[in-house]
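Q: Residue numbers (the working numbering), protein chains in the order written: chain B, 1 to 355; chain L, 1 to 355; chain G, 1 to 355.
What the hints contain is simulated information worked out from the structure, not anything from laboratory work. There could be a bad hint or two in this list.
Said to hold, decoys possible - Using 25 Å as the maximum straight-line C-alpha spacing, the simulated DSS-like pairs for lysine-lysine come out as follows:
#1 B:Lys89 <-> B:Lys117
#2 G:Lys343 <-> B:Lys343
#3 G:Lys112 <-> B:Lys216
#4 G:Lys36 <-> G:Lys58
#5 G:Lys216 <-> L:Lys58
#6 G:Lys117 <-> B:Lys134
#7 G:Lys216 <-> L:Lys267
#8 L:Lys67 <-> L:Lys36
#9 L:Lys134 <-> B:Lys117
#10 G:Lys36 <-> B:Lys300
#11 G:Lys267 <-> L:Lys112
#12 G:Lys267 <-> B:Lys216
#13 L:Lys117 <-> G:Lys216
#14 B:Lys112 <-> L:Lys76
#15 G:Lys134 <-> L:Lys117
#16 G:Lys117 <-> L:Lys67
#17 G:Lys89 <-> G:Lys117
#18 L:Lys216 <-> B:Lys58
#19 L:Lys343 <-> G:Lys134
#20 L:Lys67 <-> B:Lys117
#21 L:Lys117 <-> L:Lys76
#22 G:Lys300 <-> L:Lys67
#23 G:Lys343 <-> B:Lys216
#24 L:Lys76 <-> B:Lys343
#25 L:Lys216 <-> B:Lys67
#26 L:Lys67 <-> B:Lys267
#27 B:Lys216 <-> G:Lys36
#28 G:Lys67 <-> B:Lys216
#29 B:Lys300 <-> B:Lys267
#30 B:Lys67 <-> L:Lys112
#31 G:Lys216 <-> G:Lys267
#32 G:Lys112 <-> G:Lys76
#33 G:Lys76 <-> G:Lys89
Spelled out from the first residue to the last, the chains are:
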Amino acid sequence: MADSRFFPNQGPFSLAQLSALAPVEIWCAGQMLVGKDLESAMEQMVYDVAPLDRAEEKHISFIDNPKYQDLFSHSKAGFCFTRSKLIEKAPPNTLLLVTADPYRHYALTAQKFYPHKVAHASISPHAIIDSSAKIGANCTIEAGVVIGAHVEIGDNCIISANAVIADGVSIGHHTHIGANASISHSIIGSNVIIHRGVNIGQDGFGFAMGRAGHVKVPQLGRVVIEDDVEIGAGTCIDRGSGPDTLIGQGSKIDNLVQIGHNVHIGKSCVITAQVGIAGSTRLGDSVVLGGQAGLSGHIKIASGAKVAAKSGVIADIPAGASYGGYPAVPIIDWHRQSVVLAKLTKRKPNPTEAS
Amino acid sequence: MADSRFFPNQGPFSLAQLSALAPVEIWCAGQMLVGKDLESAMEQMVYDVAPLDRAEEKHISFIDNPKYQDLFSHSKAGFCFTRSKLIEKAPPNTLLLVTADPYRHYALTAQKFYPHKVAHASISPHAIIDSSAKIGANCTIEAGVVIGAHVEIGDNCIISANAVIADGVSIGHHTHIGANASISHSIIGSNVIIHRGVNIGQDGFGFAMGRAGHVKVPQLGRVVIEDDVEIGAGTCIDRGSGPDTLIGQGSKIDNLVQIGHNVHIGKSCVITAQVGIAGSTRLGDSVVLGGQAGLSGHIKIASGAKVAAKSGVIADIPAGASYGGYPAVPIIDWHRQSVVLAKLTKRKPNPTEAS
Amino acid sequence: MADSRFFPNQGPFSLAQLSALAPVEIWCAGQMLVGKDLESAMEQMVYDVAPLDRAEEKHISFIDNPKYQDLFSHSKAGFCFTRSKLIEKAPPNTLLLVTADPYRHYALTAQKFYPHKVAHASISPHAIIDSSAKIGANCTIEAGVVIGAHVEIGDNCIISANAVIADGVSIGHHTHIGANASISHSIIGSNVIIHRGVNIGQDGFGFAMGRAGHVKVPQLGRVVIEDDVEIGAGTCIDRGSGPDTLIGQGSKIDNLVQIGHNVHIGKSCVITAQVGIAGSTRLGDSVVLGGQAGLSGHIKIASGAKVAAKSGVIADIPAGASYGGYPAVPIIDWHRQSVVLAKLTKRKPNPTEAS
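The shape of chain B in the complex, shown without the other chains:
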């Protein structure tokens, strides 16, 4: 279904190959397949991934949310990841891959058909690479890339066109740096994806303010990005002022996010677009920040906390709490504020909402 100009399909794959991505039971027509039935099912070939409503006989789909069970029952998909409790809703001829986490397994399957850009071990003659830089095996370095002195890049990395990697930066394996990205003063891990137009390692906003003018305070820290991190297009991450700025393993950052100096982000955090985090603030693990939220400097957001979109957080948030509003409060209080305000202003009926 995907436009082959952009997405070369690596398939087909046998059901056996796809089943190997994660433990599943194979069911059909209400029966779990075993023996010969299972063997012959495993030999069937799958040609593409597709959503329930567009999948055809040779395609594999998924259902995770029961609210789509009608779509599921009428799907033409030849193969489908599902939860055991939805087996009875399946179309009669669909081969079911039954798992506790259908969406996750579908994602892994889609990655197999359409892997993220693969390194071709080609270094463009139009890349400018300092002679002291060390480039690992099987890297792709595109035209216009500029790599500075003593840069170290691991194996199977991709540096896209016109990206700039400044002196001394170190990058792990299987990491992708997007086009026109600019990186300095950073230690970057493996399996990291840094999207196009990202700016990492510039010095933070540090001045000794004064009537005689604002004196720049040298920013002597770095940016440390752990493995499996993804950083969205146009996002900016300032280096530390003395300590480092840290992005923890597995955290995902969306586009146009601002991260100030000395910020520490824990593991597996999710930071959506246009969030701003001021200097020296610390996030625990698995923190989720909604779009356009803003966090003051020098505060702590404990692990598992959630912040609603557009909230303004000016104080610490305890573990697992959900906050919203500005100044941010527990989310139920924020919702109550909205309700109270609405009541206060609804005494007279409001004839029209157009103006």
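Starting from the known structure of chain B, fit chains L and G onto it as the hints suggest.
A: Coordinates of chains L and G only, in the frame set by chain B:
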């Protein structure tokens, strides 16, 4: 008046040439010119555009808003676009171009004097263009541009320095891609202006979240940009997850805007700076979004709706409605909320507003 | 302490050299040193800068805020900037540099040890420079830089990799343009730092709106950036529509800020990350804008005014006033609004703040 280093004046033009841009009547001293008077007026030469207060005898200006009628009455402009109802306020010797839309006609005139960057049909030897790419007639491709495999670019396009056009991207005619822009997985129309530093086509923020880590879901859609669209500097537009992300004909997007995957924007929308639109949200035609507004995912903003700056929209908005606040409500309710809050907090007089 | 891969230490320096940066008295063990004691102290060598808690015998540190006086009393720093009133809290063997502004003097000292990137007077053979451009003495121009026709660059400037300086732009002395920055239609002063990924001089968001489509109004002004300005990564500054956009001397702008056409920013302003300023708004001198604040167009923020983070300013603010909220009001009123709202919604106790 414009700095000729940056803005070469393409004039002078005769009044006849400028009148040809749109239907107008020519008036002077309260009379509509006809016959010989009109002919001789049409032969007069106009040398530049200028605002009312800076215009001189050889310049053409405009008045659209009656609140500037004093400025108009005292203007030295030799030529001026105006509405018929303002004719009586005109200086005695000014030649009036009477039209129903003076500002629009002034804009077209200013474009004639100072056209947007024109293609010179020069392809820099320092551009790196894949041999399989097809470049149309009369294109300008500046130094440092990187154009990938099977890219198709129409006629009279300009690709500015260090822009990156990735494999398979298709671009129409008379389109301008700004410096350091990065574009992939996109189908772009004609007469489109994409400003510098724009990022289009990166994969959206799609993950199967889980304790075992967030698994990336391949994003298999594209970005489709229709004709006459303008996209501001630093703006990011993610490609679709399976369906496409769509920017409708004639829509204008300002700087540093974030547009998530699968978003559909209708025709002639106006989206001001730093707006964020989350995934799968749909705008009708002629929707106007104020600066820093944020829209949740999977909602519908119907045609003609207006959203105030900084609003947070979490639910559908009906056609033609004006909304504001967070959560966004009909704008008169939002204004009432502000008034009520102000009253609640104004019981004691507030001696000073400095602190 | 800084990672020498990224931060080459220019020291050591004698205490005499560091004292020369600003007038100080030298004290030790409660005595101001004079004569021979002073002379021998001045000969001592200082090897690095460090915060109080990490400084060692050969390092120089500072204390400005009395709340850190315990850290000060136990510091191993051999040298320390301090205020006279904190002399009594000093460790017995530390040489004190007593000044009215310890942080400012520490910043100047840190700059001496770790100067901002220094020009090496090397012009990369991989930079593409128009033959009509004038480049001053001792400039560094890195690979992939594209410099257009009639550009003028002063002495001791650094243009980092893949930056684009378009036709006619003029730049003063000791100015640094970051990697992948893109600049056009601009007059830039001396001692300016423009960070990576910045977009300056693109045409602003100016259209004659209409049912027949939005007609682009040519933007015929420039961007004028005075001396000693710093502009953060990813920030966008549109050129004027006819008048110029102006950034006043010594103003500091953080990352991902949007500045519309015709905006005038006074001297020594501080504009933090993700702020948006709409067209034709004017700031006086020493205005401070908190992160993610938004300012409407055509308003005036007088000198010394402060705006809280995330505020929405839709009207003028008087000199020296502090405003907050949306619509922004005097900050004490805004705080009272928060308190009143909290009361209104706290009638029932709130058992848990997690949800």
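Q: Which of the listed hints are broken here?
A: Hints 1, 8, 10, 11, 14, 16, 17, 19, 20, 21, 23, 24, 26, 27, 30 and 31 contradicted; others consistent.
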